[in-house]
Amino acid sequence: MSRIRILPELLSNKIAAGEIVERPASVVKELIENAIDAESTKVLVEIKKGGRSLIRVSDNGIGMDRDDALLSIERYATSKIYDEKDLFSIATLGFRGEALPSIAAVSDMELVTRTESSDVGARIVVEGGKIKEVAKIGAPKGTMISINRLFFNTPARRKYLKTDQTEFGHVSDTVTRMALALPDIHFKLLHNKRVLANWAPTQEPLHRISDVLKGGLQDDLYEVDYNGSDVRISGFVASPDITKTTSRGLHVYVNGRFVRDKVLDHAVMEGYASRLMKGKHPVVVLFVTVPYDKVDANVHPTKSSVRFASPRQVHDTVANGIAETLRTLDRPGWGRAPAARLVHSPRSYTIHSSYAEISEPAAKPLQEAYLQLPDHTPRLWPETTFASLRVIGQLHNTYIMCESEDGLVLIDQHAAHERVVFESLKDAYGRSDIPTQGLLIHEKLEMTHREASILDTLLKDLSDIGLEIEHFGGKTYLVRSVPDILTGKPIKPLVMEIVEKVDEIGLASGLHCAVDESLIIMACHGAIRANERLADEEMKALLKQLDALDNATYCPHGRPILVHQSLRKIEKDFKRVV
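In this text, residue positions in the sequence shown follow the working numbering: the first is 397, and each later residue adds one.
Calculated directly from the structure, the hints in this document are not laboratory data.
Hints are not guaranteed to be accurate.
In the DSS-like style, the derived pairs of lysine-lysine whose C-alpha atoms are separated by at most 27 Å in a straight line are [claimed, not checked]:
| hint | residue 1 | residue 2 |
| --- | --- | --- |
| 1 | Lys856 | Lys897 |
| 2 | Lys589 | Lys640 |
| 3 | Lys940 | Lys968 |
| 4 | Lys558 | Lys589 |
| 5 | Lys690 | Lys676 |
| 6 | Lys640 | Lys558 |
| 7 | Lys856 | Lys968 |
| 8 | Lys640 | Lys871 |
None of these values were measured; they are calculated from a predicted model.
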């Protein structure tokens, strides 16, 4: 008996479904792409229980007659390509002919469709890949596909679905990406019969981007229009002041298709060059247009990756296009420290943390602070304290230069003060005694659905650390009070960074982790910035506060607070000693 067999068609479709249908959002993506290819101007997405119970996508496109509808659920049946030449010059979003049969193989699917020239529509019911019913039905022009009981016959796949909230978050992201790229199409999204997005068509891409991404971005988005050889870049890039802690703000499309590509991501970051702080990512909605025969969209079953014939050319065009746009803006204030400087008192010139003063035990010798450093790190001699160092200046308004008996010590002022503020916050939080300041004018926050769902889970814990935020209705929130240390600071970037970080680490890690991350972010936003001029008294006060800490070696993010250069090493470099 032969050991090699031809797999049954139903099993083959389940295997294909495993490659294409990862979760409810994958189904939504495939169905919306089909709707767009069908020349739709309206797309309605209805979800129940995160997609476990129902996924329904309706459109007003050209529809299908009965025979085409039946063919559409056959594997490798497609209207998008006809020969090998078409495969290497793909101009549509869908083309593989695997989506519908793969989805139908792992769900109960109902397809209702009608063309404009037909008097009646066609209804096809498929259960677990088997056609159960084919009938005529009254229907509007277009197509409606309903998916019930997703993964009902592949329990292992269903087992790995996350919570309804998480799965719907991925669905929302998918619809968002489509809506950003297609402002002339009306998108409507419902979850459990509740309308969560209703984006009317517009001829102004900027209006759609601002509407979808929320957060009042419109005044901070700048148009990119740049041509390279065979490559055109268009879209919008945000001011370097608008950043995220992850790459979720990068919306990059190749010939209209949203992609995740290392070459493009690197090009975007290179375009911003030194304008971004380390670990920050910009917000962009960028459209890369290349000849269809110079990009391979058939790299992955989900079509989320592409391969360029000339990746270097595409990379350089994207980087140059963004850099050129940012250079020509000449916007006052870029690269400068925030105007509000609430890190010290102008009368006493004493840096403070705006919380109960840290108790000052006997100053901790610097050598103890160095015990955690790698062996190759130079150490200061015993009994030396931060306060005993002689401040001799400030390097590039970022590093405090100090003279020690053994050489030179450089202290990163932001990292140092960030550690001071963090320890103060942590201590005050442990005592449930974080001083707050009510805002005279409450700050409004507009969130996306995903951001709002995360923020909802954090409201109580944020209140416990002095950040009182109230749900104002829909996806709008009001900030009512902030910790004293953040008075006068921009609050919206702080809240967004907290939400992004919690989204990144996942709520499953526990709310205590979310609180820790929130305290770190608050400390970062409340601390002295780089490129900020300090008076000698301020620098000395900061050194004194470092002496009161148990850990004065690293900032909360893990960056070193100070570096030391021995006098002997300096003299050796100048050839004074051998």
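### Query
Where does the structure disagree with the numbered hints, that is, which hint numbers, in rising order?
Violated hints: 2, 3, 5 and 7; rest satisfied.
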